[in-house]
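Novice: Go ahead and model the full structure; you've got the sequences and the hints to work with.
Chains as they are written, first to last, in the working numbering: chain A, 1 to 434; chain B, 435 to 720; chain C, 721 to 1063; chain D, 1064 to 1314.
No lab work stands behind these hints: they were computed from the structure.
On a predicted model such as this, the values are computed, not experimentally measured, just so you know.
For glycine and all other residues, C-beta sits at the position ideal for the given N, C-alpha and C.
No false leads were mixed into what you were given.
So, partial list: chain D residues that the calculated Cβ filter (under 10 Å) puts toward chain C:
no., residue
1, Ala1097
2, Val1207
3, Pro1222
4, Cys1227
5, Cys1230
6, Arg1232
7, Cys1237
Each pair of labels, with its calculated beta carbon distance range:
no., chain 1, residue 1, chain 2, residue 2, range
8, B, Asn509, D, Ile1138, 49 to 59 Å
9, C, Thr786, B, Leu578, 39 to 49 Å
10, C, Asp733, D, Gly1096, 49 to 59 Å
11, B, Lys660, C, Lys927, 39 to 49 Å
12, C, Asp769, A, Asn366, 40 to 50 Å
13, C, Asn943, B, Lys458, 51 to 61 Å
14, C, Glu988, A, Val178, 24 to 34 Å
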Amino acid sequence: MANTFSIEEKLVSRVEGHGDLVLDVKNKKIEKLIFRIPEAPRFFEAMLVGRKYDKPSHITSRICGICSVAHTLASIKATEAALDIKPSGQTIKLRKLIMHHECVQSNVLHVYFLAAPDFFGVGSVFPLIKTHPEVVNIALRAKMMANEMVRIIGGRAVHPIRTVVGGFTKLPTMEEMVKMKEMLKASYPDFEKSLEVFKTIKLPDFERETEYISITDPTEYALYDGNIKSTDGWEIDDQDYLSKINEKVVQHSTAKHCWSSRDAYFVGALARFNNNYDQLSDNAKEYAQELGLKAPCYNTFMNNIAQFVEVVHSVDDSIKIIDELMETGLDEDKAMAEIKVKAGRGVGVNEAPRGLLIHDYTYDENGKVEKANLIIPTNQNYANIEKDMQALVPTIIDKSEDEIKLGCEMMIRAYDPCISCSTHFLNIKLVNKS
Amino acid sequence: MVLDIKENKSKSTIYVPDIATIKKVEKLSPIEKLFTIVFDDPKKQEEFSFRPGQFVELTVFGLGEAPFSIPSSPNNKKCFQLCVRDIGNVSGALHRMDAGSKIGIRGPFGKGYFPYDKMRNQNILIVAGGLGLAPVMSLIDYILEDRKNYKELNLVYGALDPESIIFKDRVKEFEKRKDIDIHLTVDNTDASWKGNVGVVTKLIPAIECVPEETFAVVCGPPVMYKFVVKELEKKNLRPENIYLSLERRMECGVGKCNHCHIGDKLACVDGPVFSLWEIRNLKEAI
Amino acid sequence: MLYKILKKENYTDFVEKLISEYEFIGPKKKDKVFHDFVPIKDLRELDTDYKKTTIAPAKKLLFPPTEELVEYEVGDVIKVKPLVESSEKILFGIDACDINGMNFMDWIFSTEFIDENYFAKRRKLIVIGKDREPSETCFALSMGAEYAKDGFDIFLTELEDRYFLRIATSKGNEITEKFARIQDATDSDFRDYDKFMDDYRSKFKLKINIDNFYDDFEFIYSNEKYWEEASKNCYSCGSCNLVCPTCFCFNVKDDMQLNLKVGNKMREWDSCMIPEYGLVAGGHNFRPTKENRLKQRYRCKLKTFVDKYGKYACVGCGRCIEACLAKINIVEDVNSVKKEVSA
Amino acid sequence: MSKPKVGIFGFTGCGGCQLEILNLENYILDLVGAIDIVHFTEAITEHSDNYDIALVEGAITTKHGVERIEKIGNIAKIIVAIGSCACNGGLNCLKDLYGLEKAKELVYGDKKDWIGSIEVKPVDAYVKVDYYARGCPANRFEIVDIIKALIVGKKPEIPNYPVCVECKRNGNTCVYELGMTCMGPVIRAGCNSRCPNSGAGCDGCRGPIDDPNINAEKDLLAEYGLTVEDIMQQFSLYNAYRGKGIKQKIM
Ligand SMILES: Cc1cc2nc3c(=O)[nH]c(=O)nc-3n(C[C@H](O)[C@H](O)[C@H](O)COP(=O)(O)OP(=O)(O)OC[C@H]3O[C@@H](n4cnc5c(N)ncnc54)[C@H](O)[C@@H]3O)c2cc1C
Ligand code: SF4
Ligand code: SF4
Ligand code: SF4
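Specialist: Right, here's the structure in full:
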């Protein structure tokens, strides 16, 4: 039993990017706990300045390979808001469809490849191929479906091509629409099997109530568009995000920290689930119930379960969207909206797989970026991760160092932190002090 | 659409190689090896006949295909040989192979051909540089096996340095023989070397030949041709009697891929051996 | 050759039957600019009155951009299998100039050695040609390729209220007998057809002064300044070759699957305008500069095959002119050579 | 080389190229069969310093990064740079174009001195890179092709012709015909012309071919209405790096 120790773990693995956790414990008391990001800062806000309106979506897509669709679309929405561009209903439906599948792609990758090895007590997905081949195969199929969907709509699985300001450079063909629907329908049995597997997993009992923030929409489980809403009881228009969301630079990190009503808040699947549970598909609700997930839920580890529930919802909703699109047929003339350059400011807000994402641009009269501000999900969770860790460590302090390390890592992984999002983000350090 | 082209009844196409086995690997120089090859199908081995100057397309499965001239004598029906320089993917892979390895062979391709019929009762002057000795080996053997029907046989051979001389045993044998005059030179010398130093062109003037009764055959790296041709012309050899074996990039070997185009000729089906007269006006040829 | 007449009112019925009976390939609008030869399932997709030449010539059906030639399995024994694909198809709505392009390919792939990968497909291709307005960059008339003498099964020429059918093969005859309501062509039909052809030929505005180019080429060959100027903007992008109905150069590649057991040989379209085209192991390049390469392209198109077989490797479709972003124009270049020679 | 040990390393980038490896789907099981992945931060916990081939993603932008890449350079027999960031600095270099100090100030304000960041450089500015899987993100099939080539012992075939070649093989309508602009004529193919396939112009993420006709491309862009500034922006998007290591500069 280690009463006095210090954890200094570099590069927590199986998270997208790099982060460090420094944890010093003396006589069972936490002396120091910082979560830091040695990831190199990338200065996207600076890269955008002076670029023409058609480029920010391509540039900001490169903030993160895993949420490239969300960045692309938040960026496009900000630009469209600034330049008063009105995309067609068809465009918006296709955008929602591609959002869903980045969510599925990312959630599946996270739940099955990155978090699942913890659940089954193996080091990574590669040994999992031998111990749980069926899980790996399900995951590969689900990922493949989602990637294929993103490829069909966006032209590529990472950093979509066809999604541009004003609409789409190319539309899926009718054959592709049919193919997408068939793939979606064929995926259900795999999720049912996964459900049975996930039911056997015991996640740590850990609860800490915090503020949960996500977008919300009266008509649907919001991912693409909506007001910003908090479990602390407020709801604002997305263009007014600055009235509630605050950012500061902290010395030990290249990522900025965010706060709102309290000193920290949570964004991501669990926040969306807590805010918008009612709008999930019936099917997804049933999955949630079977897995013991109820809104509101304050167990951070349940974020992974919420991600899985969202996958089911996304598949249901996608079939609905495809049916609607197929009924009217895709119209080339509605692929692109008219674009006129003008000066103005616009905010684009959506739900990346990891949570609330905000792009805010100001354009000059030539349609070139004058100023840009980007708020990334992981930055927002960052303070909350530290708070969670402070609450978690005392509950497991009597365990061995390795178990404590694993507990902390699992906690961090539950957030699915996407550290490469280090426009502005993990290493755990456990070093014995005595 | 009714075409005159007959329906293909065989199960094969021009792109399907026959499987063969490397029987023996000999090191000729630091970068050249001699491979002895036999087709797995005995019938194919029996049928496999070629003219000096022809080449085969050799496949190393998974790596690719490359053309190589056949240096062994056409009269040897039991096997054939390839002399390969380690320079790229296929040749590099071959150099890593041992006896017993399987390869694919298509061919023989090319018209060949050193006009050994026309060369009868004539003097023969062969100029080879570096690896260029390999393709003409077949011709030398052919002539030596039928020696009485030819007059003077001169071989001018230049290598980079003494180590790089390929077919060293054969070269030594030639030096001892009375029925072939060999003139050796190297570009870079070492202490052991007692012979000529310098490029092949330097040796040509000293060789006596009767212009109307002499055929010349030239084979070597692309840069060599222009200079050798100049020397041969000084000797008043007829352009029709000067033969050159040209190298070009080849992908198919059967006149389809077009990579070996030289003017209106294709090195693969019309060559790779051409008379100087044929290629004089092709431009870019040498 | 049989000469028949198909009334306009019977045309739709004929084509519809062909679409339902055969795998049917025809021109379809691809986007705001181009048409493309694609499988047609519904008559409404078919549009034979395309203004620009199709984006890829019909050669892609017989000689696809990438094509697997041989498959092999490596183990204790090596198993090698040729991959030859062929199924009966109708190619509908191809114009005379493109048919002549295909005829050239037929000839290339059958001289000396027969390329079975090409001919297996060619034998099964039923070609139904149809006239259309020459596009702006088309100079087929100067190349003698505006009229197809052969290479098709049926050729449709639209006269006022009827189609004049030239039926070149027994297969073509079978098809018309079976699926079309046709009648024999009468004298007046021939007269109208003749008039149509005169009129058609007069629509080719772009002319190339090709006479004696194979001699003039020698004249210009060593004029370095000319070639430098002509190729100055060339990107060495190969677009001119890749869109050409008579360009047939290809690369052969070997590929092994990750299991290192199964592999294949495949070919892909190549272009003599790409520097690697003339590059051999050891680093020597037989055509290192864009000047060398443009020269090679013009020589191959307009001289090589004339010297050897009396054929041009160009049918004047004008695709290369359209495709070249550097505005390198075979017609202008050849015409300017003529000017220099006569000056 | 049978069952080589492979390490996959991430530096400054978006992780998209590593994700592309995870996105190999049908191939991933074969891949795991053909190579031993001994280090892959994005996917596995185990890591080892015993590897033959290093696949490196991301640009080098911190002092710590320099130390890490030099260590990799000492261990790996073959280094493959993956993605624009690793191959030529990629998009990251835009911040240096903007000015490092200015960028720090813009993003971090008066706290800018807390931020350690050095000039962005590609991997080959520090260690010898054997092969380049270019693109943003790298084409996953090209990554597999390189790995396959290394296993069977051949030189990976990486095209040195422009994107137009693949674009034409794919039968696309040139985007210039549709009124857009494209960097395809001067940019290295190997991406299967994925942007033009999707009706968008090439932005140049794979960097130029060995001998690009830059002047012709500038003329062409100007003809399509781009101003000199626009043209420079288009050229610089993925190719702003001008320092050591880079073979051809297009700016
Ligand atoms: C008619 C002829 C006869 C030849 N005879 C011999 C010989 O006897 N011994 C010998 O060592 N070499 C010979 N060569 C040269 C030999 O073909 C090349 O060295 C060989 O192609 C290199 O292939 P690689 O895969 O090792 O090299 P890489 O550079 O990896 O070549 C890749 C591909 O490019 C093509 N290619 C590259 N270089 C050449 C080239 N020089 N000629 C033709 N195609 C090329 C081939 O299709 C090859 O598959 C001959 C070439 C020709 C044309
Ligand atoms: S001539 Fe034009 S199309 Fe042909 S390679 Fe040059 S630039 Fe490309
Ligand atoms: S060279 Fe140009 S005009 Fe001639 S056939 Fe080819 S693409 Fe058509
Ligand atoms: S779209 Fe771009 S890559 Fe394609 S042909 Fe045109 S310029 Fe070349």
